[in-house]
Amino acid sequence: MKMTLPVEQSKHQRNILPNQRQTTTLSKVNKNMSKLFVYLILILFSLAFVVPFLWLISGSLKDSSELFANPPVWIPEALNWSNYKEAFSAFPFFLYLKNTLIVVVFTCIGAVLSNSLIAYGFSRIEWKYRDGIFIIVLATLMLPFQVIMIPLFLLFKEIGWIGSFYPLIVPHFFGNAFFIFLLRQFFKGIPKELSEAAKMDGASEFTVFWKVILPLSKPILATVVIFQFIEAWRDFLGPLIFLSDNSHYTLSLGVQQIMSQNDPRWGLLMAIGVAMTLPIIIIFFFLQRYFIEGITFTGSKG
Amino acid sequence: MNIQKRNLRNGLLFISPWIFGFLCFTAYPMFSSLYYSLTEYNLIADPKYIGFANYKQLLFEDELFLTVLGNTLYMIFVGLTITTVVTIFIAILLNTKNIKGISFFRVVFFIPTLVPFVVLAILWIWVLQPDSGVVNSILGIVGIDGPGWFSSPTWAKPGFILMSIWMSGNMILIYLAALGDIPKSLYEAASIDGANVIQKVFHITLPGLRPAILFNSITGMIAVFQSFAEAFIITDGGPDNSTLFYSLYLYRNAFQYFDMGYASAQAWILLIIALLMTTAFFKLSKRWGFED
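Protein chains in written order, with the working numbering: chain A, 1 to 302; chain B, 1001 to 1292.
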C-alpha cells in the first residue's frame, strides 16, 4: 500500500526533468535486463528453499534400496505408499497426535486469554509505573529458556507435575512477552473514543475489554493462536524435559524415539515427517496474512 | 485522584496474570538457578553450598566447555553473519520495484520456519547425506566432491549454518518490511546525483535497515544460544564434539549427568554472555549509524 505513492511521485518527477526523458528507452532495456536477473536469482534461491521439501516427499515414497541409491533417485520408480500405511501402525501415532493436540489446544486458549488481558492493562489503561513494568516484560523476551529451565524442572518435580501435561500448558496461562507486545501494539491503535463512549454509558473496564476491544481484535488474536499453535506443535525441548512416560509423548518425542533406535526405518520416518508438516503448511496457506502481519509488526516496531 | 487510584487498581488487575507468571516462572527460577549454581546438587542429596567452584571449573578446568563456547560463538559470528548477508540480499531482491509474484516468494521463504524440529532433523540428515544426499549430488553435477557434512568434524557446523539459513524466513520478512519504510525519495535523490546500485545499498539501504539488523542480530544470537533440538537429534554433539553447542552441553550436565549445580552455573554464564553481547550489538549499531 505504502509503496504505490512514492512510485507515482517519481513518474511525476521524471516528466518535470527533460534531460531524464531522453534516456528512458535505453534505461528501459537496462531495467528489463536487471529485472530478469533479479527473477533468476530469486528463482534459484526459491529452489534452494523448496528442494529439501521435495526431497522429503520423494524419500517418503521410496523403498529402502532407492533411498540409499548412489547416484540418488529423484522420482521413485513405483510410488511406495506403504511407508504411510505403516507410519500409523509403527508407533502409537493417534495417541501421540491426541497428546500433541491436547497441549496445542490448551496452550492456545491460555495464550489468548492471558495475553489479551495483560496487553489491555499495558495499553488501554493509564496508570503509574505502567511503562516501567512494561520494560521488564520486554526484557524477558531476551531471556534464554536455558537460564530458567533447571529450576522450573525442579519446581514442577516438587509439586508432582513431571510426567503430566501441566508443565507444558499451565505457564501459558500467565502471559508471554512476545504476545503481550504484539497485542499491546494493536490495542494502542484502537481509538480512545470507543472506550470512552462505552464508559460514559456506565460500562466497567472489563466490559470495555470484553465487549469493545476484543471483538475489534479478532485478526491479531488469530495471529496469536496461529503462532502458539505452531510453537506448541514444533516444540521438542519442553516435552523432552517435562514428559516421562510413553503414554504422554507428543508426536515430536515419539518420532525422536523411533529415530534413536538402531537402524531406523528412514522411509517411514520421512512419511511421518510429511504427515506432521503438511497440516501446518495447509493452515499457513489459508492464514498466511496473519503470519506475515504478525512478524512484520514486531520487526518494524521493535 | 479517584480515577488515578481506580486506574492503578484496574491496571494491576489486568496484568495480574503476568505478575504471577513472572514471579513463579521467571523471577523465582532465575534467582534459584543463581543459588543452585553455587551448589553441588545431584537431585538425590540436598544441595551443598560450594561457592564459585562450579564457575571456576567451567571457565578454567573444563576443556570441553571451552570447545562448546567456541562452537557456539562460531555459529554466532560466522553463521549469523552469513545468514544476515543472505537474508538482506533476498529481501532487497524481493523489494525490487514492480516485481511480480512477491507473495509467492514470501511463502516459499517462510514455510521452512514452520517445520517441526524433529522433521527438520529428518529432512536435513537426508539433504546432507554424503553419498545420496541432494546437496552433494548437485555439487557432483558441477564436478565438486561434496564433503561428509554431519559426519565430518570440519563440515558439521557449516551444515548447521546451511540449515539455519534455510530457516531464516522470519528475518527476510522483517528486512522486507523495514525496506518498505525507507523513503523512496532518498533513492531518487541518489540517482540524480549519479550514485550506482552498490553505493545506494551502502549509503541508503544498509543504514536504513540498521534497526532491523540490530533486532535480527539480537534475536538471532539468543536463538543460537537456545538452539538445541537440531544438534541433539542430528549429531548429538559429534563428530569429535564439533557440534556440541551450548544448550546441548547444558542439557547433558543437567539431565544426563544430573549435575544441576554445574548446569545452573552454565546457565548463568550464558545469561551474562547474552547480556554483554546485546550491549555490544547496541553500541556497534550506534557507531555504524550515519545519522543520529
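To be clear, the hints were calculated from the coordinates, so they are not data collected in a lab. In this text, a Cβ means the ideal position worked out from N, Cα and C, and glycines have one as well. Each hint should be verified, as a subset may be incorrect.
[As the list claims (entries may be wrong)] Pairwise CB distance ranges (calculated):
hint : chain 1 : residue 1 : chain 2 : residue 2 : range
1    : A       : S64       : B       : Y1049     : 25 to 33 Å
2    : B       : L1066     : A       : S244      : 32 to 40 Å
3    : A       : K128      : B       : Y1049     : 35 to 43 Å
4    : B       : F1282     : A       : P219      : 17 to 25 Å
5    : B       : P1207     : A       : D131      : 27 to 35 Å
6    : A       : S164      : B       : F1202     : 35 to 43 Å
7    : B       : F1202     : A       : K192      : 22 to 30 Å
8    : B       : A1053     : A       : V50       : 45 to 53 Å
9    : B       : I1082     : A       : Y39       : 22 to 30 Å
10   : A       : V29       : B       : F1282     : 43 to 51 Å
11   : A       : S64       : B       : I1198     : 46 to 54 Å
12   : B       : P1183     : A       : S244      : 30 to 38 Å
13   : B       : I1082     : A       : K192      : 30 to 38 Å
To see whether the hints hold, each was checked on the structure:
1. Restraint check, S64 of chain A to Y1049 of chain B: a C-beta distance of roughly 56 Å breaks the suggested window 25 to 33 Å.
2. For L1066 of chain B paired with S244 of chain A, a C-beta distance near 33 Å keeps the hint of 32 to 40 Å intact.
3. The given range of 35 to 43 Å is respected by K128 of chain A and Y1049 of chain B, whose C-beta atoms sit roughly 40 Å from each other.
4. At roughly 32 Å, the beta carbons of F1282 of chain B and P219 of chain A sit outside the given window of 17 to 25 Å.
5. Under the hint 27 to 35 Å, the C-beta atoms of P1207 of chain B and D131 of chain A, about 29 Å apart, fit the expected range.
6. The supplied range of 35 to 43 Å is broken by S164 of chain A and F1202 of chain B, whose beta-carbon atoms lie about 55 Å from each other.
7. The supplied range of 22 to 30 Å is broken by F1202 of chain B and K192 of chain A, whose beta-carbon atoms lie about 43 Å from each other.
8. As the Cβ distance of A1053 of chain B to V50 of chain A is approximately 52 Å, the hint placing it in 45 to 53 Å holds.
9. Distance hint for I1082 of chain B and Y39 of chain A: a CB-CB separation of about 24 Å, consistent with the stated range 22 to 30 Å.
10. Checked against the hint of 43 to 51 Å, the C-beta distance between V29 of chain A and F1282 of chain B comes to roughly 45 Å, which is consistent with it.
11. Between S64 of chain A and I1198 of chain B, the C-beta spacing of about 51 Å keeps the proposed range 46 to 54 Å intact.
12. Distance hint check: the CB atoms of P1183 of chain B and S244 of chain A are about 56 Å apart, inconsistent with the given range 30 to 38 Å.
13. Between I1082 of chain B and K192 of chain A the beta carbons are some 46 Å apart, a value that contradicts the proposed interval 30 to 38 Å.
In the structure shown, a violation is registered for the earlier hints numbered 1, 4, 6, 7, 12 and 13, in ascending order.
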